[in-house]
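Colleague: Here are the chains, one letter per residue:
Protein chains: 2
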Amino acid sequence: MNFAVKSIVFIALGATGLNAYGALPSLPKVAPSPKDNPTTPAKVELGKKLFFDPRLSKDGTVSCNSCHNVMSGGEDSRPNSVGINGQKGGRSSPTVWNAAFLSVQFWDGRAASLEDQAKGPLTNPIEMGMESHDVVIERVKQIPGYVTEFGKVFPGKDSVTIDNLAKAIAAYERTLITPDNAYDKFVKGNKKALSPDAQRGLKTAQEVGCLSCHSGPAFAGPDLPVGVGNFQKFPALAGSPYETKYKITEDLGRFNVTKQESDKNMWRVPTWRNVAVTAPYFHNGSVETLEEAVKVMASTQLGKTLPENDVKDIVAFLESLTGPFPKQIAPMLPKTAGRSVIK
Amino acid sequence: MNFAVKSIVFIALGATGLNAYGALPSLPKVAPSPKDNPTTPAKVELGKKLFFDPRLSKDGTVSCNSCHNVMSGGEDSRPNSVGINGQKGGRSSPTVWNAAFLSVQFWDGRAASLEDQAKGPLTNPIEMGMESHDVVIERVKQIPGYVTEFGKVFPGKDSVTIDNLAKAIAAYERTLITPDNAYDKFVKGNKKALSPDAQRGLKTAQEVGCLSCHSGPAFAGPDLPVGVGNFQKFPALAGSPYETKYKITEDLGRFNVTKQESDKNMWRVPTWRNVAVTAPYFHNGSVETLEEAVKVMASTQLGKTLPENDVKDIVAFLESLTGPFPKQIAPMLPKTAGRSVIK
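Chains as they are written, first to last, in the numbering used here: chain D, 18 to 360; chain S, 18 to 360.
Accuracy of the hints is not assured; some may be wrong.
No copy labels: a pair is met if it fits in one copy or bridges any two.
Each computed BS3-like pair below joins lysine-lysine, with the alpha-carbon atoms no more than 25 Å apart [claimed, not checked]: (1) K360 x K202; (2) K158 x K329; (3) K329 x K174; (4) K344 x K312; (5) K329 x K276; (6) K344 x K262; (7) K202 x K321; (8) K66 x K312; (9) K105 x K360; (10) K105 x K169; (11) K158 x K205; (12) K52 x K360; (13) K205 x K220; (14) K344 x K105; (15) K360 x K312; (16) K46 x K205; (17) K276 x K264; (18) K262 x K360.
These aren't lab readings, by the way, just hints derived from the structure by calculation.
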């Protein structure tokens, strides 16, 4: 698996041309969309409303945006997420920013697409807690504005369906991308776009081996087909003192999905884009700072203890990967005149 | 008290001129601001960020917007609000839309101003749950972008204070107003702005006595000085079957604030503006529909059972009081690079 992934990296990078740091791609300005769910402005607008609408949760308190806050790093700044009734999940919310460029979703890659992912939290009892997708759709149908909008976006007999709801949310999420930052400008030729610290950090990250896994324009791996994940073992090397300190191996990761021994402690490689604004770190949110996260990764994945200056430079580079975030106009949610849909 | 209030109504309305329905004022296009907190664009922008920032709550899950959602009716569509750890409050969240025109805040009027109000939920253990205002300020000071913005908006030595935080939030809330709706156009002379149903509803509401308390441009009472509330007893008349059905008297309202016998079951008269999108109804959110709410009020406050057609007309009028909502650009919250402020 590891070898195969690396081969793909080589091929993928080969297409983008070379620069001083080898082949480094910039983020596309548009996220790819599947053939059966083309991104259209009306669909994005509907998806945005659904994304921000807490009425999609059982008690009306949790929206997609609650844990994937697009007013900040696309997540919730917490070690683990909080669903209805104050229930805490076991994992740290991954950022929604640039999730459109990932080939599998969730930390353990259990969803192939954004469409698949969007359906999960709705009926997870500790997240949005709806009894079933039918109950979700029943509620959406009680909101006249949604019925009208679904009808326009998905013409036909049966517009308001869970599949169409997920398609609309996914279409919105495909607009939540952050191309054109300092790094993108840098690899396109503007050598002054990155600070000297960040440039050194990029070089160091490449030399010590970080980019073997954090490759590609989102630094989350090569451009793989939807559903094929870039999974890596964490920790890759046994014996790091950080392993016990941060309880890294307690959660078995992808093994919980496949039950295959070889998937124990395997995780989808997360994106570096906007990582500076998604503390705390890792699947369990156990590490508070980005600096410490870099040290942990160097130790557990590369068997290295980096000099403090190298850590600082890498952090400077990672910080350069923040934004720019496209302006979000807060949607007005369709009303249910004179009646609430929450009991 | 009742007599005094009615006198003020008379004077306040007297200044606005007469029309077919007597003196009916439209909503001002700008909300008044106190002398010590003038509304400025930079302050509004800072206040908006604070309003949307869940990091102002202990566990990072609850923002002002959680219970006063400006993407909908300015509240949470729930019978009662939910704070940190899934804790439920005893009352239904009042709308933030046009709160700027109310002379006291909270259902029981325990805060005189928007500034006073903004401080309450932060340290309420079942709402945002911060240990103290000092802890709030300590956290805000950990977010560099806020420190810079507070410094610009509140120049001087000690910019980041709880008073300035409340001032900024209040300044933002003073922009959350909905003038220029169908009713406003109607009372300014466009007789076609309101549907015939809504016009009949307005006339009926006035004739049966609703507007005695729901007077003024926000239909929440006359233009009183800040801190002087338009309180009314609910139920005003004993013996309505709705009293027990909806547990109206269980919460003693303003009595809990003043401990004065005369304040038992006294409540601030809520605004009618946007009432159609703030179901469920009343201080305890016990009534699901606007139609039922109209019937309850007719019974408990006026001792009347209205014909169904009158109820429908009044509802049509109330629905005409929705929006238009000013477009909200979702703010990007100041980041804490590489570190979360939530434990």
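Colleague: All the hints need checking, so say for each whether the structure fits it.
Modeller: Hint check:
Taking the shortest Cα distances, K360 and K202 never come within 25 Å of each other, neither inside one copy (51 Å) nor across copies (35 Å). Proximity of K158 and K329 under a CA criterion of 25 Å is satisfied inter-copy only: 23 Å between copies versus 52 Å inside one chain copy. In this homomeric assembly, K329 and K174 never come within 25 Å of each other (Cα to Cα): the closest approach is 57 Å inside a single copy and 32 Å across copies. With identical chains, the CA atoms of K344 and K312 are never at most 25 Å apart, being 34 Å at best within one copy and 44 Å at best between copies.
Taking the closest pair of Cα atoms, K329 and K276 never come within 25 Å of each other, the shortest separation being 39 Å inside a single copy and 60 Å across copies. For the identical chains of this complex, K344 and K262 are neighbours neither inside a copy (39 Å) nor across copies (47 Å), given an alpha-carbon limit of 25 Å. Taking the shortest alpha-carbon separations for K202 and K321, neither the intra-copy value of 30 Å nor the inter-copy value of 71 Å comes in at or below 25 Å. Taking the shortest Cα distances, K66 and K312 never come within 25 Å of each other, neither inside one copy (40 Å) nor across copies (33 Å).
When the C-alpha separation of K105 and K360 is checked against a cutoff of 25 Å, the pair qualifies both within a copy, at 23 Å, and between copies, at 13 Å. When the C-alpha separation of K105 and K169 is checked against a cutoff of 25 Å, the pair qualifies neither within a copy, at 37 Å, nor between copies, at 38 Å. For the homomeric pair K158 and K205, neither the shortest alpha-carbon distance inside one copy (47 Å) nor that between copies (37 Å) is at most 25 Å. In the homo-oligomer, the alpha carbons of K52 and K360 never lie at most 25 Å apart, since the shortest distance is 38 Å inside one protomer and 42 Å across protomers.
Proximity of K205 to K220 under the C-alpha cut-off of 25 Å is restricted to the intra-copy arrangement: shortest distance 16 Å within a copy versus 67 Å between copies. For the homomeric pair K344 and K105, neither the shortest alpha-carbon distance inside one copy (30 Å) nor that between copies (33 Å) is at most 25 Å. Taking CA atoms no more than 25 Å apart as the test, K360 paired with K312 passes between copies only; the shortest distance there is 21 Å, against 48 Å inside one copy. Taking the shortest Cα distances, K46 and K205 sit within 25 Å of each other inside one copy (13 Å), while across copies they are farther apart (49 Å).
For a Cα distance limit of 25 Å, the shortest separation of K276 from K264 inside one copy, 20 Å, qualifies, whereas the shortest one across copies, 53 Å, does not. Proximity of K262 to K360 under the C-alpha cut-off of 25 Å is restricted to the inter-copy arrangement: shortest distance 17 Å between copies versus 44 Å within a copy.
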